[in-house]
Amino acid sequence: MNAPLVSSAISVAASELDLARIRADFPILRQQVHGKRLVYLDNAASVQKPRAVIDTISTCYSDYYANIHRGVHLMSERSTLAYERAREKVRDFLNAASVEEIIFTRSATESINLVASSFGGMAFKAGDEILITGMEHHSNIVPWQLLCERTGAVLKVAPFTDAGELILEEYERLLDSGRVKLAALVHISNALGTVNPIKTLIELAHARGIPVLVDGAQAVPHLAVDVRALDCDFYAFSSHKIYGPSGVGVLYGKKALLEAMPPYQGGGDMIRIVTFEKTEFADLPNKFEAGTPNIAGVIGLGAALDWLTAIGLDVVAAHEHELLTYTTAQISEIPGLKIMGTARDKAALVAFTLSGAHPHDIGTILDREGIAIRAGHHCAQPVMQRYGVPATARASFAIYNTRDEVDALVAALWKVKELFA
Amino acid sequence: MSDLRDLYQEVILDHNKRPRNFRVLPQPTHKADGVNPLCGDRISVFLDIEDDVIKDIAFQGTGCAISSASASLMTEALKGKPVAEIEHLFEAFHSVVTTDCECPRGLGKLSVLAGVRDYPSRVKCATLAWHAVRAALEQRKESVATE
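Chain order of the listed sequences is A and B. The first sequence begins at 1 in our numbering and counts up one residue at a time. The second sequence begins at 1001 in our numbering and counts up one residue at a time.
So the derived label-pair ranges between C-beta atoms look like this:
#1 A:Asp-407 with B:Asp-1006: 21 to 29 Å
#2 A:Tyr-326 with B:Pro-1037: 27 to 35 Å
#3 A:Val-99 with B:Pro-1037: 37 to 45 Å
#4 B:Glu-1076 with A:Asp-404: 43 to 51 Å
#5 A:Glu-418 with B:Lys-1081: 35 to 43 Å
#6 A:Glu-418 with B:Arg-1018: 14 to 22 Å
#7 A:Ser-355 with B:Asp-1006: 20 to 28 Å
Dumping the calculated BS3-like pairs for lysine-lysine here, alpha-carbon to alpha-carbon at most 27 Å:
#8 B:Lys-1109 with A:Lys-417
#9 A:Lys-338 with B:Lys-1017
#10 B:Lys-1017 with A:Lys-415
What the hints contain is simulated information worked out from the structure, not anything from laboratory work. From the three backbone atoms N, C-alpha and C, an ideal C-beta is built for every residue, glycine too.
Produce the complete structure using the sequences and hints provided.
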C-alpha cells in the first residue's frame, strides 16, 4: 500500500526540481524589473532563450563561422554542416519525410508569404477562394489579401463561437463552394488560445481536394506536431517562439508541391546555372533560400529544438496546462474580469478585459510589479472586432513559468482593480 | 504603488472615469480622428471655431486612462482659447510629458500628466488627442496615427 504514495512523492519532488533547473537555464529570468524580480508572461509574443541556445550562437561566431554552401575552406564546411544539421533537426522535430521539405525563412510570416506568392501565384485565378478563419493572426490574413488583389481571388472567413471555437458545419459549408483552392488556418490562436482540431479540418479540406496551410507559430512550443500524421500540405512556424533566436522561420511543404512551385525570391544560393539568357534553379530546399541566410540563427534554432526535445513536449504540455487551469481559476475570482477565449481545448494563455481598466493601463501597472504581459490587439484586430473590444490584456506561459508567478500576476491584478475601482 | 500614483493621479483617474466634453458636436467647423495602432485607442475630436477662437470643443472614443484623461483635460484647457495659442500649448505640454523640464507656466491642470515622462511607451497615449486637434485644424481628411 505504501509504494504508490512513495512514488508519487518522488515524482512531485522530481518535477519541482526540474522546474528549478529549467529556470536556471534562462539567464534573463534572474533580471530585475523596477526593483522586482522579472515575471515574464509575454511568451506568446516571444519566448526567452536558454543558455544552450545563447552559447550555440556564440560558439558559431567565435569558433567556426563562415558562409555556407560555397566554401572549400574548413570554416565554411563546418558552418554548412552545422546549418544542414539544424535542418535535419527540424525535419525530425516535425517528422517530415525529407530535409528537402524544410525551408528556412526569416519568420513564420515570411513562410506564409512565400506560399501566398509562389503557390498562390501559380494556383489562383479570379474568382478562386482562399478560406481562412476568423481567429487568424494578421500574418495569415494580409498575405492572402495581397494575393487576392493580384489575382482577383476572394478571401473567405470561417466563423467561430463566443467561446472561440470554429463552427465545423460552417467550415464545411465554406469548403463546399467548389472554388476554394487553399485553406489556411491557425493551429493555436495567439489571441484566444484556442487549439483548433486541425487534423479534422485538414481531412475535411482534403476530402474536397483542397490543400491546407497551417500557421503553427503558437503551436510548436506547446505540443508535438507530426506533419505526416496531420497530412498538412504546408506548416509554418518561427524560431523565436520556440526558444530559438528571432529572425528565423520555417516552412514545411510537401515535396511534390514545393517542386511544382516557382522560386519566391531570386539570388545567390538558389540557382544551379546562371547565364544572362536563362537561369536554372537549384533543387529543394535551396530553390527557396535565396541569399545568405541567418546561419547562426538557424544553428541556434537547432539547439533550441534539442533543448526542448530533451525536456519533452508532453512534460511541457502538462506543466503549461496546469498553469492555465490554475490561472483561470485564480483570475476568475476578480470581479469585472472577463476571459476572452474559453475553448475546451486551449493552450496556456489567458486573454482578458477588466471593467474600468484599459488593457494598456493594466500592462503599465503590471510592468511596475515586474510582470511582463501583452496589452493590445495582438496582431489579430478582427478577433477584437468579433468581441467588440479595442484590446485585451494577455498573459501567456512557457515551460519556465511557475505557480508563484501566477500568484504575482493575480496580486497585481487586484492592485489594478483597487486603483481603478 | 507610490510611483504608479505619480502616473495615475486622482485628477487623471477622475477624468478617465468622468471625461469632460465627452460628446459629439453636431456641426463642428473642424473635426478629425486619431488612432493609436499599438493599443487600438481611437478618438474623434470636434471643434467649433469662430473668429479664430475655440467656442466649443468635444471628443469621443475609446482609450486607456491616460489617453482619455488627456483628451478630457485638453478640451477643458482649449475651450475659449484663441486658435493661435494651441500650437504653443501643445509644445509646452509635449515637453512636459517627454522631458525633465520644469513645468512651464500656464499649463494648469495639464501638468498632472507630467508623470507620463517616466513611461516612454505611454507618451503616445497622452498626445493622441493633441495630434487629432492639430490634424483637425489642418483639415486633414484621413485619420492621424501616433506611429
